[in-house]
Amino acid sequence: MTGLLDEVPFEVAVDHEGDAVRVRVAGELDLFREGALRAAVTAVLDAGDVGSLVLDVRGLQFLDSSGLRALLVCRDRTKEAGAEFRLAVAPGPVTRLLAVAGVQGWFDYE
Amino acid sequence: MQVMTDEAQRLAAVRRYQVLDTPPDGAFERITTLAARLFDVPIAIVSIVDADRIWFKSHYGLDVEQIDREPGLCASAVLQDGPWLVDDASTDPRTLANPLVAGEMGLRFYAGVPLTTNDGFNLGTLCVIDQQPRKLTDDEVASLSDLASVVMDQLELRLAARRTVELECELRRSAEVVARTLQQSLLPTRVPDVDGLDIAARYHVANCDQVGGDFYDVVPDTRGGCAVVVGDVCGKGTLAASMTGTVRWVLRATVADTWTPAGALGRLNSVLVNAQEDLDQYATAALVAVAPVRDGSTTVTVGLAGHPHPLLVRSGGTLERVGQTSPVVGWTLEAEYTEVAATMRGGDFLVLFTDGTLEVVAGHGATEDVAVAALLAPLAGRPAAEVADALDAALGEGVLRDDAAFVVVAVR
Numbered sequence: 002m003t004g005l006l007d008e009v010p011f012e013v014a015v016d017h018e019g020d021a022v023r024v025r026v027a028g029e030l031d032l033f034r035e036g037a038l039r040a041a042v043t044a045v046l047d048a049g050d051v052g053s054l055v056l057d058v059r060g061l062q063f064l065d066s067s068g069l070r071a072l073l074v075c076r077d078r079t080k081e082a083g084a085e086f087r088l089a090v091a092p093g094p095v096t097r098l099l100a101v102a103g104v105q106g107w108f109d110y111e
Numbered sequence: 014m015q016v017m018t019d020e021a022q023r024l025a026a027v028r029r030y031q032v033l034d035t036p037p038d039g040a041f042e043r044i045t046t047l048a049a050r051l052f053d054v055p056i057a058i059v060s061i062v063d064a065d066r067i068w069f070k071s072h073y074g075l076d077v078e079q080i081d082r083e084p085g086l087c088a089s090a091v092l093q094d095g096p097w098l099v100d101d102a103s104t105d106p107r108t109l110a111n112p113l114v115a116g117e118m119g120l121r122f123y124a125g126v127p128l129t130t131n132d133g134f135n136l137g138t139l140c141v142i143d144q145q146p147r148k149l150t151d152d153e154v155a156s157l158s159d160l161a162s163v164v165m166d167q168l169e170l171r172l173a174a175r176r177t178v179e180l181e182c183e184l185r186r187s188a189e190v191v192a193r194t195l196q197q198s199l200l201p202t203r204v205p206d207v208d209g210l211d212i213a214a215r216y217h218v219a220n221c222d223q224v225g226g227d228f229y230d231v232v233p234d235t236r237g238g239c240a241v242v243v244g245d246v247c248g249k250g251t252l253a254a255s256m257t258g259t260v261r262w263v264l265r266a267t268v269a270d271t272w273t274p275a276g277a278l279g280r281l282n283s284v285l286v287n288a289q290e291d292l293d294q295y296a297t298a299a300l301v302a303v304a305p306v307r308d309g310s311t312t313v314t315v316g317l318a319g320h321p322h323p324l325l326v327r328s329g330g331t332l333e334r335v336g337q338t339s340p341v342v343g344w345t346l347e348a349e350y351t352e353v354a355a356t357m358r359g360g361d362f363l364v365l366f367t368d369g370t371l372e373v374v375a376g377h378g379a380t381e382d383v384a385v386a387a388l389l390a391p392l393a394g395r396p397a398a399e400v401a402d403a404l405d406a407a408l409g410e411g412v413l414r415d416d417a418a419f420v421v422v423a424v425r
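Line by line, the protein sequences give chains A and B.
The numbering of the first sequence is the working numbering, which starts it at 2 and goes up by one.
The numbering of the second sequence is the working numbering, which starts it at 14 and goes up by one.
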């Protein structure tokens, strides 16, 4: 499996600006990588002092159902932590899947 | 240790270690080299005593890979409980007539320690040999015995590694069997016959040792029609499989005399939300009520829970997307479900599929509607099996990244 994963780009980056956090995720978000995104967001929230979290998924080229689950989990955990959650999207695979899944209305957008 | 002397059992042990005729191995070469240096002898050997030969796993200072069991001294050494020492073979009554001693080889000194397995069988020896008579001190005999234990450790290690690999293969095989069995339990064994309808369903597995999250079902109802569902549980493996089972059985239980796709999805949603606690799983489904109408037409009522639209291909070759998207099931009780009805007539067919199917048929990034329309439109009016075959072929050409399932419902 490692070989396959190595070939597919995936990246999570976290930027802090005061209590505003921006988590950028790029590449392909699927069953094998969604754990890394969830872990990154959990770590940010556990560190505390988060007023708002923007999950920037404009760099995602692919998203499967597990990837969408990760977006939903990040939204729920952030709200449970008392912070605002917004999604930064661009038309593409993410907006398509959000539309098919009927969950666009579940997110606030940047 | 009590040494077992039954030769048949000893040979079985030799076979079990699978060491005979294996290629040279650095670990054993190092041990014989070390033994030769340590005891200042020209020859050191790791031997394995086979039925009719003595095979050398490592042979320092001797350019021979095996000798006959007679007259080899190792054959005598493996019959011993401990070290077998011959200080001067030319005067020792046990060896003086041995051709290795009396002949060209001129062997005078032999010290061999049996390689004894955990269960007490001597596989062979670690032995040191000289053409001069010698006498080992007790300390040296102890060192030779220690080295023999190192040889045995290496043999045990290799056996354990081989067993681990075999076990791993076995586990993998059984995991695949479990996955396949589980998968099959989540799909109907056969598509039921429903009057006036021609139904075909197919399932493609992307990864054979993992249970996929896709499923489909066709359930006849008491109104002469049936419920058709194609769905996808996010994730894979047993967690996904258990949710798939729940979805299937809740839907089966719900599809009775009076049911609607929107009502059934709402009920399914609340069951899943309440049942799964913190599992963070959701499912998508296209659920269709297929009902015969008195005028000979068929009404299909489509409920969509976060799932791609079914496509209705008219006998004339036009395509319609049927349904209105509602959210996925299993995430929140706030989700609401709607349904949309369409009328089908003879020669029309409806295709329900999972995302994985669309993705492959359309190709990555392509406009799905266009690609799928191009594939399906020419099949207008054809039997369900023929439509399914065409989709199968398209799936066969593409790269299956996800599982793929679809059901074709044609009106006769």
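Quick caveat, the hints were computed from the structure, so don't treat them as lab data.
Warning: the hint list may mix true and false statements.
[Claimed, not checked] Listed next, with one range per pair, are the computed distances between beta-carbon atoms:
#1 33(A) / 384(B): 20 to 28 Å
#2 37(A) / 50(B): 32 to 40 Å
#3 187(B) / 17(A): 29 to 37 Å
#4 64(B) / 33(A): 36 to 44 Å
#5 386(B) / 19(A): 22 to 30 Å
#6 106(A) / 174(B): 32 to 40 Å
#7 191(B) / 43(A): 49 to 57 Å
#8 33(A) / 203(B): 28 to 36 Å
#9 39(B) / 59(A): 36 to 44 Å
#10 43(A) / 25(B): 52 to 60 Å
#11 22(B) / 10(A): 28 to 36 Å
#12 235(B) / 37(A): 32 to 40 Å
#13 332(B) / 33(A): 29 to 37 Å
#14 52(A) / 410(B): 25 to 33 Å
For glycine and all other residues, C-beta sits at the position ideal for the given N, C-alpha and C.
Right, here's what the structure says about each hint:
1. Between residue 33(A) and residue 384(B) the beta carbon distance is about 26 Å. The supplied range of 20 to 28 Å therefore holds.
2. Under the hint 32 to 40 Å, the C-beta atoms of residue 37(A) and residue 50(B), about 53 Å apart, miss the expected range.
3. As the Cβ distance of residue 187(B) to residue 17(A) is approximately 48 Å, the hint placing it in 29 to 37 Å is violated.
4. Take residue 64(B) and residue 33(A): their Cβ atoms lie about 52 Å apart, and the range 36 to 44 Å is violated.
5. The hint said 22 to 30 Å for the Cβ distance between residue 386(B) and residue 19(A), and at roughly 50 Å that hint is violated.
6. Take residue 106(A) and residue 174(B): their Cβ atoms lie about 56 Å apart, and the range 32 to 40 Å is violated.
7. Remark: the range hint 49 to 57 Å for residue 191(B) to residue 43(A) is contradicted by a beta-carbon distance near 31 Å.
8. Between residue 33(A) and residue 203(B) the beta carbon distance is about 34 Å. The supplied range of 28 to 36 Å therefore holds.
9. The hinted range of 36 to 44 Å is not satisfied by residue 39(B) and residue 59(A), whose Cβ atoms lie roughly 54 Å apart.
10. The given range of 52 to 60 Å is respected by residue 43(A) and residue 25(B), whose C-beta atoms sit roughly 56 Å from each other.
11. A hinted range of 28 to 36 Å is violated for the C-beta pair residue 22(B) and residue 10(A), which are about 59 Å apart.
12. The hinted window of 32 to 40 Å between residue 235(B) and residue 37(A) is violated, with their beta carbons roughly 49 Å apart.
13. Here the CB-CB span from residue 332(B) to residue 33(A) is close to 35 Å, well matched to the stated 29 to 37 Å.
14. Between residue 52(A) and residue 410(B) the Cβ separation comes to about 50 Å, which falls outside the hinted range of 25 to 33 Å.
In the structure shown, a violation is registered for the earlier hints numbered 2, 3, 4, 5, 6, 7, 9, 11, 12 and 14, in ascending order.
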